[in-house]
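There are 6 protein chains.
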Amino acid sequence: MAKIVTLGELMLRLSPEGNDRFIQSDHFRVIPGGGEANVAISLANYGHDADFVTKLPKHEIGQLALNAMRRYGVGTSHIVRGGERVGIYYAETGASMRPSKVIYDRAHSAIAEARPEEFDFDEIFEGAQWFHWSGITPAISDNAADIVKAACEAAKRHGVTVSVDLNFRKKLWTSEKAISIMRPLMQYVDVCIGNEEDAMLCLGFKPDADIEGGKTDAAGYHKIFEQMAKTFGFKYVVSTLRESYSATHNGWKALIYNGEEFYESRHYDIEPIIDRVGGGDSFAGGLIHGLLTKPTQGEALEFAVAASALKHTINGDFNLVSKEEVESLAAGNANGRVQR
Amino acid sequence: MAKIVTLGELMLRLSPEGNDRFIQSDHFRVIPGGGEANVAISLANYGHDADFVTKLPKHEIGQLALNAMRRYGVGTSHIVRGGERVGIYYAETGASMRPSKVIYDRAHSAIAEARPEEFDFDEIFEGAQWFHWSGITPAISDNAADIVKAACEAAKRHGVTVSVDLNFRKKLWTSEKAISIMRPLMQYVDVCIGNEEDAMLCLGFKPDADIEGGKTDAAGYHKIFEQMAKTFGFKYVVSTLRESYSATHNGWKALIYNGEEFYESRHYDIEPIIDRVGGGDSFAGGLIHGLLTKPTQGEALEFAVAASALKHTINGDFNLVSKEEVESLAAGNANGRVQR
Amino acid sequence: MAKIVTLGELMLRLSPEGNDRFIQSDHFRVIPGGGEANVAISLANYGHDADFVTKLPKHEIGQLALNAMRRYGVGTSHIVRGGERVGIYYAETGASMRPSKVIYDRAHSAIAEARPEEFDFDEIFEGAQWFHWSGITPAISDNAADIVKAACEAAKRHGVTVSVDLNFRKKLWTSEKAISIMRPLMQYVDVCIGNEEDAMLCLGFKPDADIEGGKTDAAGYHKIFEQMAKTFGFKYVVSTLRESYSATHNGWKALIYNGEEFYESRHYDIEPIIDRVGGGDSFAGGLIHGLLTKPTQGEALEFAVAASALKHTINGDFNLVSKEEVESLAAGNANGRVQR
Amino acid sequence: MAKIVTLGELMLRLSPEGNDRFIQSDHFRVIPGGGEANVAISLANYGHDADFVTKLPKHEIGQLALNAMRRYGVGTSHIVRGGERVGIYYAETGASMRPSKVIYDRAHSAIAEARPEEFDFDEIFEGAQWFHWSGITPAISDNAADIVKAACEAAKRHGVTVSVDLNFRKKLWTSEKAISIMRPLMQYVDVCIGNEEDAMLCLGFKPDADIEGGKTDAAGYHKIFEQMAKTFGFKYVVSTLRESYSATHNGWKALIYNGEEFYESRHYDIEPIIDRVGGGDSFAGGLIHGLLTKPTQGEALEFAVAASALKHTINGDFNLVSKEEVESLAAGNANGRVQR
Amino acid sequence: MAKIVTLGELMLRLSPEGNDRFIQSDHFRVIPGGGEANVAISLANYGHDADFVTKLPKHEIGQLALNAMRRYGVGTSHIVRGGERVGIYYAETGASMRPSKVIYDRAHSAIAEARPEEFDFDEIFEGAQWFHWSGITPAISDNAADIVKAACEAAKRHGVTVSVDLNFRKKLWTSEKAISIMRPLMQYVDVCIGNEEDAMLCLGFKPDADIEGGKTDAAGYHKIFEQMAKTFGFKYVVSTLRESYSATHNGWKALIYNGEEFYESRHYDIEPIIDRVGGGDSFAGGLIHGLLTKPTQGEALEFAVAASALKHTINGDFNLVSKEEVESLAAGNANGRVQR
Amino acid sequence: MAKIVTLGELMLRLSPEGNDRFIQSDHFRVIPGGGEANVAISLANYGHDADFVTKLPKHEIGQLALNAMRRYGVGTSHIVRGGERVGIYYAETGASMRPSKVIYDRAHSAIAEARPEEFDFDEIFEGAQWFHWSGITPAISDNAADIVKAACEAAKRHGVTVSVDLNFRKKLWTSEKAISIMRPLMQYVDVCIGNEEDAMLCLGFKPDADIEGGKTDAAGYHKIFEQMAKTFGFKYVVSTLRESYSATHNGWKALIYNGEEFYESRHYDIEPIIDRVGGGDSFAGGLIHGLLTKPTQGEALEFAVAASALKHTINGDFNLVSKEEVESLAAGNANGRVQR
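Chains as they are written, first to last, in full-length UniProt numbering: chain L, 1 to 340; chain D, 1 to 340; chain F, 1 to 340; chain B, 1 to 340; chain Z, 1 to 340; chain G, 1 to 340.
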């Protein structure tokens, strides 16, 4: 059981029921979530001492979001309280050839307007073994980028392993801005998760292949992984490889590279997909658990891929599965027989 | 932006949640819908000035139905108010090999008991470019058939293009009755939508192939389309071709004939189907938009088929999609990736 | 119309909505069910005079359970009232590679603590033609095993045909205990439903093949069926053969042996599965109806398999389908076209 | 335990949730109900052998309605199956000074179009002790009036006590029509329930006081009760006396006259009212039980008033209370302390 | 039927079900609303040609809000589309001594960031008779204050009557800021709605009495009304007078002054209150209708007070009542008897 | 901020929606609760370090219950995991004269079958200031009584203040059994909460007055409080005094005695009551907070009474209010005005 810190934004997802569209809905499910918050939930579910750092307003909506983390056992004692807004995103769930749709309303949230000095990162990283963040957080605002930098520096002071999920979001920043912020932050990173598109848009690498259209080719990733590892000294470079057949049917596998060898995971055919939002985060959570507890990068990756395959079958951002459930799937039990 | 008039019945669909059966339900979703009303909604969504004509009671249930049209931007100023009932249909949604089931309770509705003289069709068609109706409306009652006839005559007086969706419904009338009403109305029709079964049962053509069992064969439609175009002078004859593998999995494409050439659309594999009721209406709505705005019958048909494929992924009778969403699918973006 | 008696436990299933997990739910659907109760519901739906025997507390929760049987037309006049608890089971519905999960809380229920002398089986079997029970009931408690024995004896005194669904449940008893209870009870049984695993664990037969992993091989069942028929004098030995591809996609067929010939049914591909709990019970219900009303074991089996295929598309334990719907599917109408 | 027959229409009530208005709702609760059906439910709850007679379509919506009766233990074996429609009424629940609102859509229901010869009343009344109907049933249609007449005649042939709840409904018929149908039927009636307005509009008596505005005056009823008893030979004349302060606050009591003495019940102050639809029917049900089982008309009336006071606290038409709960309230236990 | 323009913000209210608190909720009702939008809805319900002016984002959440206005018949053709956010407010409904609670998240909404030149007010006021706005709109942002000023100027150019609801909101601005913006705007106002607190905080009048604690004294308002009328030349000064006994029980009346005479309305005792949000807006809507159509200020006020009393019984911001329902209550029909 | 330990059972309450009855429900709200768990939630809401001790099964239903405590900030690190069942209680909410009804199904729960040695009470009470338990816990089982005794002994070893809420439950034990268990435990108690009935049935005091019927008389409690304080050396004797007018309308106040003086609190009139289950627990939680932080017993009691009055307006067992909300009501702000 390791102490793991994640830092980022916790939002409320507002979603119509089932496959209804926004404009036909008169109520929304309220689903707390956010990249690094989702990772913390995964890690708490696997038994780790996960601590999530953010800033949330003092009012009841801020409390609602915070309580969601407590509910699933994530530490919230370093969440700063204050500011005005909880970031929101509206999401409707597609089906078949109709894609899911996300509308963000996250500008001016408490974490976007927070300052690094509000967080005592030396206290936060005391005794920690791992720190995880994603490329979404520095994209939120310059303030948030400053906070990530301060956190990375403190993490390194405390000898904490750092992982990042590059996660380029074109609605939040341009590739130019991303590269200017992200490249300098890579010096603190040990484990880098990102696909070719992320490598290009966040880190400025030149792509080799067309990733558009849901097509993936694990072999095509080898060269760029080697470049990434070499350029930034990453211990591991990792990417999921999603095949998007439709909104409700995907293929799913992943690739890891430890600077020496590549390992490509088992492939999962996921149908139907119940909710794919948070799929990447569940992969990051599974990967951190795997790298912390498994003897090989291959076993770590298989845990991560199985964990994130399961996430696609669960409503909400959080991957509400136990370690045992992931292990069972990673061991090949995918027949879906009723567990009595 | 064209002014388009549709005329027909607006009902309330009462449906169990999800895949529940009628007899296990203690509440029903209330879903307004009806063939031509659904077409009007599609057209309003594509930006047209769609006007829906019917008769609805003055009471709150009539208002509830009318408001559903207003909500999505359809003109309701020519809806006559009065009468006793809003027609109802009960619908449960099947799954896999269990078919969806519809029970109609629409006799004696306000529109079924209305008279042509309650509608001022010359005012209604002032400035209009298109008039659409379906074979369901004259089947409701002799009164309704009279209203359709009056509308067609007025449409022609105003130089309005007329389209019909033949849509034979065996619960509403016999083939003999249908033929006696529908054939004379075909003189007003420019665009005729109907499959081989409709052509046989509504218009008295002799079938060539067995359409039962969900099997379709586009080539088999050529001969009957030519006959239809020749007999009635239709500018376009159009049909969807559905392959019913199960209640939740269909193939979907369409065929159009402009009197000279046939065009067969791209084929869609739709799985899972969320709600296929209104699929044909969404096709009609897409076709009218396509014929009004696209340079070729092929492009018009592709828009219609993409629009109606999307309809199968949306709850309710109404095809709540934008022009841009349809264009995107018609352009081949069917991978269902999350739109952020 | 036959009078058919079933005996067992009626529980309340508490289930999250849709595919939600237990730990993210704040309300549960309340779904009455239980092996033999489910069989009684099927038989009442097919028009039989089905009578369900159990014990339920006098309080409103007991009444809630009892009312569910009355609602669908099952006779409840021989249900003894008293005791403290209605047995509960919690069930969440999986999807894709995530299995459904069941947590039982059924110990100390009214029927588990009832005594045979509380039931007047001679009155119960007066005029009855069939008696059905499952291996779950004697597994609940020694009391319940005594009740089953008393019922079987009375059934035989009244010349009633007896069927059993072996249904080994490892949470309720060990194989040793099961064999010690079940083997002696087989003398009363005419129709035995059970797969190879049941035969091994309940009756002590030695397996020939690995049934794990969802793989089935109808031919592999021939030998054990012959042994079962020979050892206990069963008139029919029957088993379903499920192929579990995922929680939402199964293959489904069955095999019957009348001591002379084997008959293997049509194969159904079920996707998506809405709710597979109660699938086996719906098969038993269909089989009893089939054996009572069809000229051949093959036709009986086809009815049973079609009935249980349909069950997989229906929420809840009860197979809420009519005889006509089953006949239609058994006749090959599986295309799922809307029934208007 | 007496065998009691009631005859009338069973409808589906479609209601928004809580206090929502029709026009803001997108789903309706489905609540089966109807005057005499409600009375049957009450009597089954008190342990009687209640049998409800009507006609319902064979389809699933008819079955849904029928099942609601079975669920609560009412006999349905004399319900004739056939016809097209289940009658509907839409009802929204008011609050404070906003009244509840009911919109009927019941014309052309199966029972409205049934014929007397479809019912075997001699079989129906075999062994019965009581027959109850209301003035709503003959108001539905001339057919239904004929059926009531045939039932009354048969009831009398079998020596069955007959009660009527006059229940004038101005939407269904005029006072003139009502008087022409109802007066001749009074010869069969032993127990007549009706307020002054009913006496005037259904039976043609001249009113003495203004009942409008929710004001009641028990003493003012004495004269008209005497007239009613004298004119038609009623054994009992009974009326509830409602004081309508608001949609959610009513006073409630009743008056009975046995031809010799008047008895005025305890007064209940009901706030908040959860659902007052079916309040009068629950009174009739309580009264029948009281007259069948209590030594005095006063005790019978107190049971009826307590029963119907409780009804106002229960959602739906049916008075889902036990005999013991009514007795407890009639004994003065109105403090609402939690029953553990 | 008058053409009436209202201008302001349209938000989405996110509310727990019933009386649940924010922090125990996992879904929220989505309830469109906003001061002037609510007034427009009232006026459309009374049959006027109500036009609502605001700015809303082009995305589906903006469309959802806009559609709510269309649904109830309000004109939306002058709503400018653009910007990023739809303003939000979270509201939970109190009970008894627990107050309802509102948390605003409306900064940076599309209308708050709009500019006057985006609106063509000369086109908007073409043919209009009345313009209504509230003190909330200029409080949103300096931009919005500029828009209100531009609208007032245009309204005066077109000879349109202008009404304002002062509605001081301490979360949006200080009294000093409010006075500096609002006083200059009063030159355009003909009808001013506001209580003593509004007069003090928005217009800088000195209070005479303590309005805190829910106590009101109509007589105490006379002096300040006279001052207001004299200072700004208002044709009418109007205020509601709410007595807050608890979250679910209020007294309600109003006072109007036409520069010559005072008229105090009937008093309503409202219990239970279903939803009091929008109560003031429903009063403004009723008042505008009253002043446009009634012969005296007294009759106008009685309509307004009855309308707003009814609003307290309806969920959501919108006063979904008809003119006839208001007239009926104003005429004294407050007994809440079921309307069949 | 004090560290406070509470010990008891955490159950799942299964409740119909709103005021629906059990037998008309098809889903239940899942509401975690239990006397001492509820007290812990209150204390966490007021900012204390509340730790709840119990035993819960390892399965997901046990986790669901545990998560509810975490969600609201209660420490769960001393909850022992194991056993079979989570105790259940079914509760329906009454209205007006219909009482709420509770059906317990809690026998054989994990905590009822736990043993004292499973808990390390010396670790649990390390640094604690207060320990609270109720008379329900020792009533569950002899095991549970042993656990309470072990906890009390440890608490005393650690100098922790001990409070008890006597809370006699006749469904769990007889008065004789209660007295035999509870009297010896009183030696550990500093603060005793209980009304006259509890004093009689749990402690064996002779009553002076009839508490039945919801009538209370604070003066009548003086004598018994003096006896209780004298007999057991309690520092405080406290009781709420509920006046039950109906299920939805209660009077509420309390009395405290510190061995020298009596203090009677302000009286609250609560209408409507949303949910009164947990009212007594919220009082205990408020009292502990008051005694820990307020200068006088009077101020402590006023906090407790205001807190518990608010509880009656909140769904669920937990009193989800903040310290500030309680202080505001205790300060007299009961007018229910919207808090914006």
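Careful, some of the hints might be misleading.
For identical chains, the list gives no copy identity; a pair is met inside one copy or between any two copies.
[Stated by the list, open to error] Below, simulated BS3-like cross-link-like pairs (lysine-lysine); rule was C-alpha separation at most 30 Å, straight line:
| # | residue 1 | residue 2 |
| --- | --- | --- |
| 1 | Lys3 | Lys206 |
| 2 | Lys294 | Lys170 |
| 3 | Lys101 | Lys223 |
| 4 | Lys3 | Lys170 |
| 5 | Lys58 | Lys171 |
| 6 | Lys294 | Lys177 |
| 7 | Lys101 | Lys253 |
| 8 | Lys58 | Lys223 |
| 9 | Lys294 | Lys101 |
To be clear, the hints were calculated from the coordinates, so they are not data collected in a lab.
Hint by hint, here is what the structure shows:
1. Taking CA atoms no more than 30 Å apart as the test, lysine 3 paired with lysine 206 passes in neither setting, with 36 Å inside one copy and 50 Å between copies.
2. For a Cα distance limit of 30 Å, the shortest separation of lysine 294 from lysine 170 qualifies neither inside one copy, at 35 Å, nor across copies, at 32 Å.
3. Taking the shortest alpha-carbon separations for lysine 101 and lysine 223, neither the intra-copy value of 33 Å nor the inter-copy value of 43 Å comes in at or below 30 Å.
4. For the identical chains of this complex, lysine 3 and lysine 170 are neighbours neither inside a copy (32 Å) nor across copies (38 Å), given an alpha-carbon limit of 30 Å.
5. Proximity of lysine 58 and lysine 171 under a CA criterion of 30 Å is satisfied in both settings, with 28 Å inside one chain copy and 16 Å between copies.
6. Taking the shortest alpha-carbon separations for lysine 294 and lysine 177, neither the intra-copy value of 37 Å nor the inter-copy value of 40 Å comes in at or below 30 Å.
7. Proximity of lysine 101 to lysine 253 under the C-alpha cut-off of 30 Å is found in both arrangements, the shortest distances being 23 Å within a copy and 25 Å between copies.
8. When the C-alpha separation of lysine 58 and lysine 223 is checked against a cutoff of 30 Å, the pair qualifies neither within a copy, at 48 Å, nor between copies, at 42 Å.
9. For the identical chains of this complex, lysine 294 and lysine 101 are inter-copy neighbours only, at 27 Å across copies versus 36 Å inside a copy, given an alpha-carbon limit of 30 Å.
Hint violations for this structure: numbers 1, 2, 3, 4, 6 and 8, all remaining hints satisfied.
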